[in-house]
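**Student:** From just these sequences and the hints, can you work out the full model?
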Amino acid sequence: MSRNAFLYGMYTRSRVEQKVKVDETSGQEYLESTTQMRSMIPSWQWQTRGMKSDPKQWTNSGPGAARLDAVALRSVAWNIDHITPEILECVPWVVGKRIADYLTRTETWNLKTWKTFAAAYPEENDRILAQYKITIRTREGENLYELDSITKFLSALPFNHITMLNIQRLKFTKNAMLAVSRIPNLGILALDLSWGDNCPDSISATFMQRWCRLVVEEGRLSKLKVIALRSFELSLLSLHHLAGHPALVLCNIESLKSKVEWDDGAKSSCGWELLSSTEVDGDLKSMWNDPKSTVHQILQKVYKYAVKQTKPDAEHEMSRPATLSIDYGAARSSLGATSLSSLWYTRVAPLPEASSIPRETITTYEPQGPVKKKRKLRPGKQMDIGDILGGF
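Residue numbers (UniProt numbering): 1 to 392.
Hints are supplied without guarantee of correctness; some may be wrong.
With a straight-line Cα cutoff of 25 Å, these simulated SDA-like cross-link-like pairs (lysine to any residue) come out [said to hold, decoys possible]:
#1 K223 x W211
#2 K112 x V91
#3 K21 x T48
#4 K52 x V22
#5 K171 x S149
#6 K223 x K292
The following label-pair restraints were derived from C-beta to C-beta distances [to be verified]:
#7 T34 x Q57: 33 to 43 Å
#8 A70 x N289: 41 to 51 Å
#9 K152 x D81: 13 to 23 Å
#10 T310 x N125: 16 to 26 Å
Simulated from the structure, these hints should not be mistaken for lab results.
We put the beta carbon where it would ideally sit given N, CA and C, even for glycine.
**Tutor:** So, in structure tokens, the structure goes:
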């Protein structure tokens, strides 16, 4: 990367503030631009709630020396960022479970560590590995500086999973919409522009038509079951285009234009029907507007509801694959409906047959055929558990 490209990358990840000032000597006014630079390394991948404990500085509070297994756990937890899935998969889950429980007690999980464990133990149905939740907070109305790193990270996950993405009160553009369409294994997409964006590059009904056509023709978002578009200027014609998504079951649109068209009777041939307020399997609107639930809990409940719409007897499907829930937006982020024009629609047209659904163009993990041999580790490049404990 050239020096100019590096500086440009730093600048584009910054928020510029401009103030008019007066030169005291000449009395001339001038415009001063200031900015707080942002790191190009995404910190959200490494964030933990707790602090790691250096084994070298640990002192045993009880009598005598500490237990050997406790020493080993602290040493592994301290060096967990250096352990790869290829190394960890050689450790039995009964041992890996103890490491995972220790990380839970000390609140030292981060996204990279969860990725390592989920990739090393893809067959283990454990609560710790079943779901990971991450919250990325930023200022209201900012550009989506983290979207590129989010897309790259999700595209590189080497195991079967479902992603739930919520983006609220940020400057969402057409390029951002195209970037989102390249996220593999996306199960829920919730977008909210209610912060009052009047950007000329904002999403329109015409763009949504082209976006839906691109996604369907290239086989993207083949696992998307729920989409929520709030404060978008969309018409019922957008619902017709969204019906082309092979797995889409539920759609929430908060748009005064679409509500007026629906009330006027323009409902034919769109492939959707307005969801009733009373449902046998539970009230979807109550789930979405539950003030006692977090964003991550709501996304999980709604996705489970969507799975039951297509496969009523598939309760066990929520245990696998693993789910990664991302809440990205302003501090006052919430999913509850803010307008009477927020309506839920459910699919009435039959879903396409599996044979007619194009495969995902982005490479995802699909285990097929015989188990491959484990990759050989280069000497000096990787660390195993023995190296870590031996160093201690």
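**Student:** Could you grab the alpha-carbon distance between K223 and K292 and see if it respects the 25 Å cut-off?
**Tutor:** Violated, because 28 Å separates the two Cα atoms, which is more than 25 Å.
**Student:** Is it true that the CA of K171 sits at most 25 Å from the CA of S149?
**Tutor:** Status holds; Cα separation ~17 Å.
**Student:** Does the structure keep K52 and V22 at a Cα separation of 25 Å or less?
**Tutor:** violated, 49 Å
**Student:** Check the following: the C-beta atoms of T310 and N125 are separated by a distance inside 16 to 26 Å.
**Tutor:** holds, 22 Å
**Student:** Should the hint that T34 and Q57 are 33 to 43 Å apart at their CB atoms be regarded as holding?
**Tutor:** holds, 40 Å
**Student:** For K21 and T48, compute the direct alpha-carbon distance and say whether it is at most 25 Å.
**Tutor:** Violated: K21 and T48 sit about 42 Å apart, past 25 Å.
**Student:** For the pair we were handed, K112 and V91, check the Cα-Cα distance against 25 Å.
**Tutor:** holds, 18 Å
**Student:** For the pair supplied as a hint, K223 and W211, confirm whether the alpha-carbon distance does not exceed 25 Å.
**Tutor:** holds, 16 Å
**Student:** Given the hint of 13 to 23 Å, is the C-beta distance from K152 to D81 inside that range or not?
**Tutor:** holds, 18 Å
**Student:** Taking the beta carbons of A70 and N289, is their distance inside 41 to 51 Å?
**Tutor:** holds, 46 Å
Hints 3, 4 and 6 from the list above are not met by this structure, while the remaining hints are.
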